[in-house]
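Colleague: Top line first, the protein sequences correspond to chains A and B. Using the numbering used here, the first residue of the first sequence is number 94, and each one after it goes up by one. Using the numbering used here, the first residue of the second sequence is number 563, and each one after it goes up by one.
Bear in mind the hints are in silico, worked out from the structure with no lab data behind them. Here a beta-carbon is modelled for each residue, glycine too, at the ideal position from N, C-alpha and C. Hints may be right or wrong, so weigh each one.
[To be verified] Below are the PhoX-like pairs computed for lysine-lysine, each with C-alpha atoms no more than 25 Å apart in a straight line:
{"#": "1", "chain 1": "A", "residue 1": "K194", "chain 2": "B", "residue 2": "K666"}
{"#": "2", "chain 1": "B", "residue 1": "K618", "chain 2": "A", "residue 2": "K194"}
{"#": "3", "chain 1": "B", "residue 1": "K629", "chain 2": "A", "residue 2": "K194"}
{"#": "4", "chain 1": "A", "residue 1": "K102", "chain 2": "B", "residue 2": "K604"}
{"#": "5", "chain 1": "A", "residue 1": "K194", "chain 2": "A", "residue 2": "K150"}
{"#": "6", "chain 1": "A", "residue 1": "K194", "chain 2": "B", "residue 2": "K564"}
{"#": "7", "chain 1": "A", "residue 1": "K150", "chain 2": "B", "residue 2": "K564"}
[Unchecked claim] The calculated label-pair distances, taken between Cβ atoms and stated as ranges, are:
{"#": "8", "chain 1": "B", "residue 1": "R622", "chain 2": "A", "residue 2": "D119", "range": "25 to 33 Å"}
{"#": "9", "chain 1": "B", "residue 1": "K604", "chain 2": "A", "residue 2": "N155", "range": "24 to 32 Å"}
{"#": "10", "chain 1": "B", "residue 1": "R673", "chain 2": "A", "residue 2": "T113", "range": "41 to 49 Å"}
{"#": "11", "chain 1": "A", "residue 1": "P176", "chain 2": "B", "residue 2": "A630", "range": "41 to 49 Å"}
{"#": "12", "chain 1": "A", "residue 1": "E166", "chain 2": "B", "residue 2": "G603", "range": "19 to 27 Å"}
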Amino acid sequence: NAGVTQTPKFQVLKTGQSMTLQCAQDMNHNSMYWYRQDPGMGLRLIYYSASEGTTDKGEVPNGYNVSRLNKREFSLRLESAAPSQTSVYFCASSSSPTGDKPQHFGDGTRLSIL
Amino acid sequence: QKEVEQNSGPLSVPEGAIASLNCTYSDRGSQSFFWYRQYSGKSPELIMSIYSNGDKEDGRFTAQLNKASQYVSLLIRDSQPSDSATYLCAVRDTGANSKLTFGKGITLSVRP
Chain A
94 NAGVTQTPKF QVLKTGQSMT LQCAQDMNHN SMYWYRQDPG MGLRLIYYSA SEGTTDKGEV
154 PNGYNVSRLN KREFSLRLES AAPSQTSVYF CASSSSPTGD KPQHFGDGTR LSIL
Chain B
563 QKEVEQNSGP LSVPEGAIAS LNCTYSDRGS QSFFWYRQYS GKSPELIMSI YSNGDKEDGR
623 FTAQLNKASQ YVSLLIRDSQ PSDSATYLCA VRDTGANSKL TFGKGITLSV RP
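Extracted from the complex, chain A is given alone in its bound form (with noise of 0.2 Å):
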């Protein structure tokens, strides 16, 4: 019973570097989610996916990009990686394109860069 399954769960990046998330879900939700939390920040969100093909920008998009791969997959990519994104990156879904169901999370990727 899986849930919201991310990867890796820490990475550690040197400045101007590529990575990206990767984020599944086992629980045939339509939409998916990335947000970042930083101390004092609260939750935030990156970019969200309300449905399979879908993409749309959240409250702080800039410096990254993500895909929709199918119903079950959503990843972030940092193309260049900065010292600003260094923070815990949050994947959720939810079974409701309306958003007026439960997001699930995953265990997060903690994210330093140098």
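We have chain A already, so just place chain B on it with the hints.
Modeller: Leaving out everything else, chain B in the frame of chain A:
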């Protein structure tokens, strides 16, 4: 920009007491409200959903919603040290999108 405000905290209560966590929101049309608990170093986990005015009880937890006053609260009865965590309030944005806006959270400490 839709806003969700939570008491800045931290909140400290003795074991066995009632902890009251409050949240106000700016989007008058919001219809769906959620409380999440987040232990240090862990991911948020859902505690309660509430959609209608009034109280909703689940074990030691009670969510209260007042749409006219635009606030939602979470009461934890018989608080236990294991309840020590950060509690996040989340409100669904109105409109066709599917986004939630999260408050910054309040940290609760239950003293043995």
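Colleague: Please flag the earlier hints that this structure goes against, numbers listed from lowest up.
Modeller: none
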